[in-house]
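Visitor: These protein sequences, in sequence, are chains A and B. Reading the first sequence from the start, the letters are residues 1 to 489 in this note's numbering. Reading the second sequence from the start, the letters are residues 1 to 77 in this note's numbering.
Hints were generated in silico from the structure; no laboratory data involved. Errors might be hidden in some of the hints.
Straight-line C-alpha distance at most 25 Å; calculated DMTMM-like pairs for lysine to aspartate or glutamate [stated by the list, open to error]: (1) B/74 x A/149; (2) A/448 x B/29; (3) A/175 x B/35; (4) B/61 x A/150.
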Amino acid sequence: MLFNSFEFILAFLPATLLVYFVLLRQRLTMAAKSWLLFASLFFYSWWNVRYLPLILGSILFNYTIGGLLAEYDADRPKAVSKRAIFVTGVIANILLLCWFKYMDFFIATANGLLGTHLPLLKIVLPLGISFFTITQIAFLVDAYEGLVEERNLLNYALFVTFFPHLLAGPILHHKDMMPQFERLRNKVVTWKNLYLGLMLFFLGLFKKVVVADTFSQWASAGFDTTQPLTLVPAWLAALSYTFQLYFDFSGYSDMAVGIGWMFNVSLPINFNSPYKATGMIDFWKRWHITLTTFVTTYLYTPILRAFGRITFSRSLGAIFLAMLISGFWHGAGWTFIIWGGMHGLGLVVNHAWKKRKLPMPGLLGWLITFNFVNLSFVFFRAKSLDNALRMLGGMAGMNGVMLHRSLATSKLLAKMGITFGGWLDAIKGSDRTWIMVLCAFPIVVFWKNSLEIVSRVRPAWSWFALLLIVAYWSLLDMSKVSEFLYFQF
Amino acid sequence: MTTLETLEPIFREVFDDKSITLRRETTADDIEEWDSLTHMNLVVALELKFKVKFALGEMQKLKNVGEMLDLINKKLA
Numbered sequence: 001m002l003f004n005s006f007e008f009i010l011a012f013l014p015a016t017l018l019v020y021f022v023l024l025r026q027r028l029t030m031a032a033k034s035w036l037l038f039a040s041l042f043f044y045s046w047w048n049v050r051y052l053p054l055i056l057g058s059i060l061f062n063y064t065i066g067g068l069l070a071e072y073d074a075d076r077p078k079a080v081s082k083r084a085i086f087v088t089g090v091i092a093n094i095l096l097l098c099w100f101k102y103m104d105f106f107i108a109t110a111n112g113l114l115g116t117h118l119p120l121l122k123i124v125l126p127l128g129i130s131f132f133t134i135t136q137i138a139f140l141v142d143a144y145e146g147l148v149e150e151r152n153l154l155n156y157a158l159f160v161t162f163f164p165h166l167l168a169g170p171i172l173h174h175k176d177m178m179p180q181f182e183r184l185r186n187k188v189v190t191w192k193n194l195y196l197g198l199m200l201f202f203l204g205l206f207k208k209v210v211v212a213d214t215f216s217q218w219a220s221a222g223f224d225t226t227q228p229l230t231l232v233p234a235w236l237a238a239l240s241y242t243f244q245l246y247f248d249f250s251g252y253s254d255m256a257v258g259i260g261w262m263f264n265v266s267l268p269i270n271f272n273s274p275y276k277a278t279g280m281i282d283f284w285k286r287w288h289i290t291l292t293t294f295v296t297t298y299l300y301t302p303i304l305r306a307f308g309r310i311t312f313s314r315s316l317g318a319i320f321l322a323m324l325i326s327g328f329w330h331g332a333g334w335t336f337i338i339w340g341g342m343h344g345l346g347l348v349v350n351h352a353w354k355k356r357k358l359p360m361p362g363l364l365g366w367l368i369t370f371n372f373v374n375l376s377f378v379f380f381r382a383k384s385l386d387n388a389l390r391m392l393g394g395m396a397g398m399n400g401v402m403l404h405r406s407l408a409t410s411k412l413l414a415k416m417g418i419t420f421g422g423w424l425d426a427i428k429g430s431d432r433t434w435i436m437v438l439c440a441f442p443i444v445v446f447w448k449n450s451l452e453i454v455s456r457v458r459p460a461w462s463w464f465a466l467l468l469i470v471a472y473w474s475l476l477d478m479s480k481v482s483e484f485l486y487f488q489f
Numbered sequence: 001m002t003t004l005e006t007l008e009p010i011f012r013e014v015f016d017d018k019s020i021t022l023r024r025e026t027t028a029d030d031i032e033e034w035d036s037l038t039h040m041n042l043v044v045a046l047e048l049k050f051k052v053k054f055a056l057g058e059m060q061k062l063k064n065v066g067e068m069l070d071l072i073n074k075k076l077a
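So that you can see chain A by itself, here it is in the shape it has in the complex (with noise of 0.2 Å):
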């Protein structure tokens, strides 16, 4: 089910919540916590049922095995070693997102170098496979270190399930929330979180639905279109897929933290306004923010462990390596390393700087961050790597200029081998393709993002009204489906 469906916002969110406050006022926390349960596995199974035995699966496999880590008794060796059974969990988890991920990579990567035709298997990627494998591989290393106390299936199965997290982040960490569970038994409906929450919810649809879905129909069009786009097409059709994911997936995450709220459940900021960066260190610190924790503490410190003395150029290098493979887990194909070798490299460098004390106008800092991010965006987006090198080659002016008909008396812009005529037709643009694609750029600058305009909302009716617009506004234009960008990782 979609945050961004009449029967998720009208049916789904409020009959959970109604029967979660019924169960709790009766104090039937038990019960209010199964429900929960069973309504995120519902909302999992509304979009295929076939999948359910698998995160089913996938939970009871790793809950068993971080409760025979956690109780393992050193002093009473078994026959197998805490080792081998931590080893055991992290590689059937890694080979569950290997089958249904990478397999079809791996196999054409095969045939490629090899020369066979090994037929592809054409697997369907189980919703949230990449975000539920990851949490659960944290969870299994922390049982592996000490560090699961707490030991209850059902806080654990919510943990991993809770339905506004479940498809696409912020990516949780079991200490955060299994306590918040646990301490569940006491809590009634709270007015203030419910407005709160609602507020964040709408805004975040109103992000999804009135901005993402109107730049990605320019960006899909420039992207998936097979004639060569000239140097303006090209460079809007780039800079909209930017905006496009930037308000598709930290407006998803508004609505995951917003529902939250309302749950009385406290989920983990994913965006402060990445686009204001004026580094590439900065905007990892701003972009998916759940994921740059995730990385530095269970990718970029493993490695930097095991490449023994720390040395400056060491860390520079397991970095790199931590961009890599994060690149990887976003999506089987070369685009999506080259996307991770890029961002280790433009951290990399960003360090290197910083080292050196080097100065950095702000200014020249942001131009050069955004610029490059929207490059590797190119890479994120394209269908494949020669899809990716026409659009860069269309974004350097390979494919020429070409400018709107009314500039046609211009001599002078003729000279300079300037052609004239539909300028935006290859991407299905209009003038309103320019206006608001430059309209975006002081809006993700300077504006406030919707955390810090939640953070000033008061009970006033100022504020109701503003709910209330940017709720119908919303819903109005949510007649056409379309799925959050990050479904597809």
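For chain A, the structure is supplied; the task is to place chain B on it using the hints.
Guide: Chain B in isolation, oriented as in the chain A frame:
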């Protein structure tokens, strides 16, 4: 028993700043180079120096020098 004085050289090396002096209350806000990444470098450097091992999941939560010191002493005990 590990003390602030024994931590100081490690901090100075990781953050490449010879002027660092530590108090128990020192946090990332007091040292310019101390960010989430160099934090991890610091913790791994402490591991190597004191031959202790931190759990990955507890590293990020160490907010100030005092907490680090206490955890190291707990692990050495």
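Visitor: With reference to the structure, classify each hint as holding or not holding.
Guide: We went through each hint and held it up to the structure:
no., hint, in the structure
1, B/74 x A/149, "holds (18 Å)"
2, A/448 x B/29, "holds (24 Å)"
3, A/175 x B/35, "holds (22 Å)"
4, B/61 x A/150, "holds (18 Å)"
The structure is consistent with each of the numbered hints, conforming to all of them.
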